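Chemist: Sequence:
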Amino acid sequence: MRLQICAEIEGLFLLKGEIIAKLYPYEFALYEKDEKRFISITKSIKDYMKYAPKLYVKDGITHIEATKHEIYKDMEEWLYYIEAMGAFNFEVSKIHVDELEVNWIYETDDEKGQIPITSLKRNKQERKAEKYVANSNLSNLVIFRRMLPEAHIPFSYYRQAKAFFDDSNYYFAFINYFMMLEFCFAEGNFHKQKMTGSFLKSNLLKLCVLSAISMIKERDNNTGNYKWLLDECKTRQKDVNFEGIVYVLIEYRGLLSHATTCSKKYLFDDYKLRSLAFITSLICFLLCGYIQIYCSSSEESKNKLMQERISKLEEELYNNSPK
Numbered sequence: 077m078r079l080q081i082c083a084e085i086e087g088l089f090l091l092k093g094e095i096i097a098k099l100y101p102y103e104f105a106l107y108e109k110d111e112k113r114f115i116s117i118t119k120s121i122k123d124y125m126k127y128a129p130k131l132y133v134k135d136g137i138t139h140i141e142a143t144k145h146e147i148y149k150d151m152e153e154w155l156y157y158i159e160a161m162g163a164f165n166f167e168v169s170k171i172h173v174d175e176l177e178v179n180w181i182y183e184t185d186d187e188k189g190q191i192p193i194t195s196l197k198r199n200k201q202e203r204k205a206e207k208y209v210a211n212s213n214l215s216n217l218v219i220f221r222r223m224l225p226e227a228h229i230p231f232s233y234y235r236q237a238k239a240f241f242d243d244s245n246y247y248f249a250f251i252n253y254f255m256m257l258e259f260c261f262a263e264g265n266f267h268k269q270k271m272t273g274s275f276l277k278s279n280l281l282k283l284c285v286l287s288a289i290s291m292i293k294e295r296d297n298n299t300g301n302y303k304w305l306l307d308e309c310k311t312r313q314k315d316v317n318f319e320g321i322v323y324v325l326i327e328y329r330g331l332l333s334h335a336t337t338c339s340k341k342y343l344f345d346d347y348k349l350r351s352l353a354f355i356t357s358l359i360c361f362l363l364c365g366y367i368q369i370y371c372s373s374s375e376e377s378k379n380k381l382m383q384e385r386i387s388k389l390e391e392e393l394y395n396n397s398p399k
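Residue numbers for the sequence shown follow the numbering used here, so the first one is 77 and each next one is one higher.
If you are wondering where the hints come from, they were derived from the structure by calculation, not from laboratory data. Bear in mind that the values here come from a model prediction, so they are computed numbers and not experimental data. Here a beta-carbon is modelled for each residue, glycine too, at the ideal position from N, C-alpha and C. Take these hints with a grain of salt, some might be off.
What follows is a list of derived Cβ distance ranges for each label pair [as the list claims (entries may be wrong)]:
#, residue 1, residue 2, range
1, G136, D307, 49 to 55 Å
2, K303, A205, 31 to 37 Å
3, E103, N211, 32 to 38 Å
4, C364, Y208, 16 to 22 Å
As a list, the in silico EDC-like pairs of lysine to aspartate or glutamate whose alpha-carbon atoms are at most 20 Å apart [stated by the list, open to error]:
#, residue 1, residue 2
5, K277, E183
6, K122, D185
7, K109, E84
8, K277, E263
9, K122, E84
Work out the full structure, taking the sequences as your base and the hints as a guide.
Modeler: See the structure below:
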């Protein structure tokens, strides 16, 4: 039995026909289909039933168990390699690994019918426009520039981070979200200790972090983001509070912003960073909102309103419950 993975490939290159390359045990192909270009990698598998998809019924419900990732992880890594190296060699811009198709191909008649599902594809959920822009949206945006002349700088980091996040690129999503926080709260400090001190001085950041914790804790029934937060804080002997979250964010900033042996494992397997990126995205989303809400308030009024909200959140989160 042969196992094949396929993904759409984009870039500024042309194909006259199918391009094939072989390097044992793999066969690589570039080809066009339905006016799109694809790349496939194929290899033979001996004990294929250990890894093949399964179809079974449990409690009257049909379930599908996909091909085990361990058997094609090496092939997936080839796609990341070709995407990176191909950017220079023939201007590859993206390989859609997040929409990977996994196929099982029969080599003999005896193998036919052995696998109930021979092809499965990841489908990325496309977001649809849901919000109509009103006159007030544009008017407020124009007015904000007078009150927030430099707001477009952190908001630019937010825009770039969101684009990475929506594209499932959680590594660079987190880096850009953190750069937004760094611009707003680090006071020009880059070293861990000084940056931590600057972050912890900000009531605005504290409000954003506590609001994010509250929202995640309340709504996180299935995604595991709050559990991830608990585990990260426990590992670092921190509480799930403002100080603990700031510590975790700055630790990951130090890890991911440097090209080291510790960070490289996330570069091509950054789904492990999804919860980190999601939590940071929520903090930054709230920051965008609060910046605009409080921009017309006096410093005294703003601090009073923030402190009232912080006290209420701390009461809700930590009164009669463990940190």
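Chemist: Of all the hints given earlier, name the ones this structure violates by number, lowest first.
Modeler: Of the numbered hints, 1, 3, 5, 9 do not hold.
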